[in-house]
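Participant: One line per chain: the protein sequences are W and C, in this order. Sequential numbering of the first sequence, starting at 34, is according to the numbering used here. Sequential numbering of the second sequence, starting at 811, is according to the numbering used here.
These are computed hints drawn from the structure, not numbers from a lab. Everything numeric in this text was worked out from a predicted model, so none of it was measured. Beta carbons are placed, not taken as given, at the ideal position from N, Cα and C, and that holds for glycine. Any given hint might turn out to be false.
Counterexamples of contact, computed for chain C against chain W with all Cβ distances above 10 Å [what the hints assert, rightly or not]:
hint, residue
1, Met822
2, Ser825
3, His1060
4, Phe1072
5, Glu1123
6, Phe1130
7, Ala1132
8, Thr1133
9, Arg1134
10, Phe1157
11, Val1162
Below, a list of computed lysine to aspartate or glutamate pairs in the EDC-like style, where the Cα atoms sit at most 16 Å apart [to be verified]:
hint, chain 1, residue 1, chain 2, residue 2
12, W, Lys89, W, Asp135
13, C, Lys817, W, Glu55
14, W, Lys38, W, Glu50
15, C, Lys1016, C, Glu1059
16, C, Lys824, W, Asp107
17, C, Lys898, C, Glu958
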Amino acid sequence: MIQLKEIQKVYRTKTVETIALENVNLEIGRGEFVSVMGPSGCGKSTLLNIIGLLDKPSQGEVSFQDKNTRQLSDKEAARMRNQNIGFIFQSFHLINALNVFDNVSMPLLYSRMTASERKTRTQEVLEMVGLSHRMRHFPAELSGGQSQRVAIARAIAGNPGLLLADEPTGNLDSKNGEDIMEMLEHLNKNHQTTVVMVTHDEQLARQTPRIIRFFDGRQVS
Amino acid sequence: MNTTYFKMALQMLKSNPFFSALSITAIAITVMIVLIISMQHEMVMAPGAAEVNLDRTVFLSRGILKDTDTGGQYNSYLGNDMVSHLKKELNTPVAISQWAETEWNFVSVHGVTPSKLIYTDAGYWRINNYNFVSGRPFTQEEVDNGSEVVVIAQSIARKEFANEDALGRSIELLGRPFRIIGVVSDVSSVRRYSHGDLWIPFTLNKQENFADFLGSYKLMLMGESSKDVNAMKQEVQTVIRNFSLSLPEHNELIVPGPDTAFEDYFRSWQNTGEVGFSSSWLQIFLRMLGIMLIPALNLVAINLTWIGERAREIGLRKAFGATRLTLIRQLLAENTLITAIGASVGFVLTIVVAHLFSGLLFRGQWEQAANFVEISVSWLPFLVTIISVFVLSILSGLIPAIRISQTQPAAVLKGGAL
């Protein structure tokens, strides 16, 4: 599903050049659940951004569903993200101005769904994460666990084949963390969703079938 | 999708009451200022009230007499001799009127009333279409005979005679009794060619003249239609040129115009009597631009701040599939909605402010008895204002929208709450 060939990412300022990723070669198949581990600043999030087409590598090739992403226009990349990729962030990144329903249906606004289709799908995914009763609530009225479940609902609303989760349990207590992990496992097993999860938590990573480790921008295992 | 944009826009406005209120206020105040200025200009330059023939009338008001020997110069209204000469020589106008206005303390048993006294002729009543509450204007015969007849404004009639009929009664002017032959409705003091309190035949005017051809008169020339305006202008200049030939060699006479109401209004801004009218349009344009520019810059600043605060939201929307174009359209929809609300508030505010401060905003330099205040605006300046404000507002939103749509989502999603 995803192929990374000799990826290098360098951040340059006037005085400093920082190598975030160096010579990364990686292949992730459809339906895999992969954990990406490593210390802070080792390039995990950069890798996730490159896979998610939120950032471009300085060198190397990224293929997504056998398509080279380098040539994608802004519009094509946006469509690919909208139809194929869902994002889950450590700090949820819900839009405070919008209620739960509108937050979850936000990605669907950029798809070709009609208003009634959007409504049905949003209700469906909110039921999946057990929050259909909180539809009209605003993010400020939710607990951390609930917020992350809303974020998961938003990520899967467009029924993407790939979920990119950047420390999804990082801001949660262990009970809520376990719930979120169960949800991701459920999506992986029952919906064949490919999940790439960045985590610091060794125990969490061990629950996934594959672990990729990074150190100083290099893949070490 | 457009409905969705506006629904989203409404949500964003509701969620940011401070910025929404700030933007709406800025737009509303701009609309109000521009509309009020446009109303002020409109009432001076556009046909209306008694001045229904403004579009086919031209005006002569000033003459400059230069003495090339001494370098001295007189700058004054026109004298009776020149006016008579023009009246006799001009063929294109269907009506000509001379009039001189003066401040007059009208004294009666009811006290002293500061008034605007106008010396004029029969043509005046043809060019200006007053609403005669009772009676009639004076005739050319009465003018020629120097009859002591007067037309008075309704406010004077009410003050002097309360509810009784003023017609046929006498009032004292110039130290002798004048018979009231007509009562007209009050005209707003911003109306430059028709506002007044008392009108008497110009043949009773004993004001001192600077010279034979300079004095205290202004002249109105009305054509058959607005198509006659240019012909009247050319004819007047030809007559004045010929008139100048009769002057002594060391005298040079300059009579600018005749002007349309628009040109006359701008000439009145400059006391020199000489003004290029291309520069008048430029002045209007620069004034309006100046008025619009400051709120436009404010709006850009407000938009930049607001959108800047929403960088993470924009990044998030991009991550979930919004294209640059979609984001620009969404931000412009918000801007359009805010502008529509601001313009509506501005319109209501204009009506309220115009009525509350009418005396301050819509009164001319004369503070006489007929203090009637006219508030009116035609659809064209209103439409132009609203369109300009919309264009301006949308442009002011476009710059920040384009800027923010270039945001790299990865850069803004690194952490922190939205």
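Participant: Evaluate each hint against the coordinates.
Facilitator: Here is what the structure says about each hint:
1. Met822: violated (6 Å)
2. Ser825: violated (3 Å)
3. His1060: Non-interface label stands for C:His1060: nearest chain W Cβ at 76 Å, farther than 10 Å.
4. Phe1072: holds (49 Å)
5. Glu1123: violated (5 Å)
6. Phe1130: violated (4 Å)
7. Ala1132: Non-interface label fails for C:Ala1132: nearest chain W Cβ at 5 Å, not farther than 10 Å.
8. Thr1133: It is violated; C:Thr1133 is separated from chain W by about 4 Å at its closest Cβ, not greater than 10 Å.
9. Arg1134: violated (5 Å)
10. Phe1157: holds (28 Å)
11. Val1162: With a cut-off of 10 Å, C:Val1162 remains clear of chain W, as the shortest Cβ separation is near 32 Å.
12. W:Lys89 with W:Asp135: The hint is violated at about 29 Å.
13. C:Lys817 with W:Glu55: Violated - the C-alpha atoms of W:Glu55 and C:Lys817 are around 45 Å apart, more than 16 Å.
14. W:Lys38 with W:Glu50: Measuring from Cα to Cα gives roughly 22 Å; hence the hint is violated.
15. C:Lys1016 with C:Glu1059: violated (29 Å)
16. C:Lys824 with W:Asp107: Not satisfied, since the Cα-Cα distance of roughly 30 Å exceeds 16 Å.
17. C:Lys898 with C:Glu958: violated (25 Å)
Hint compliance for this structure: hints 1, 2, 5, 6, 7, 8, 9, 12, 13, 14, 15, 16 and 17 are broken, all remaining hints hold.
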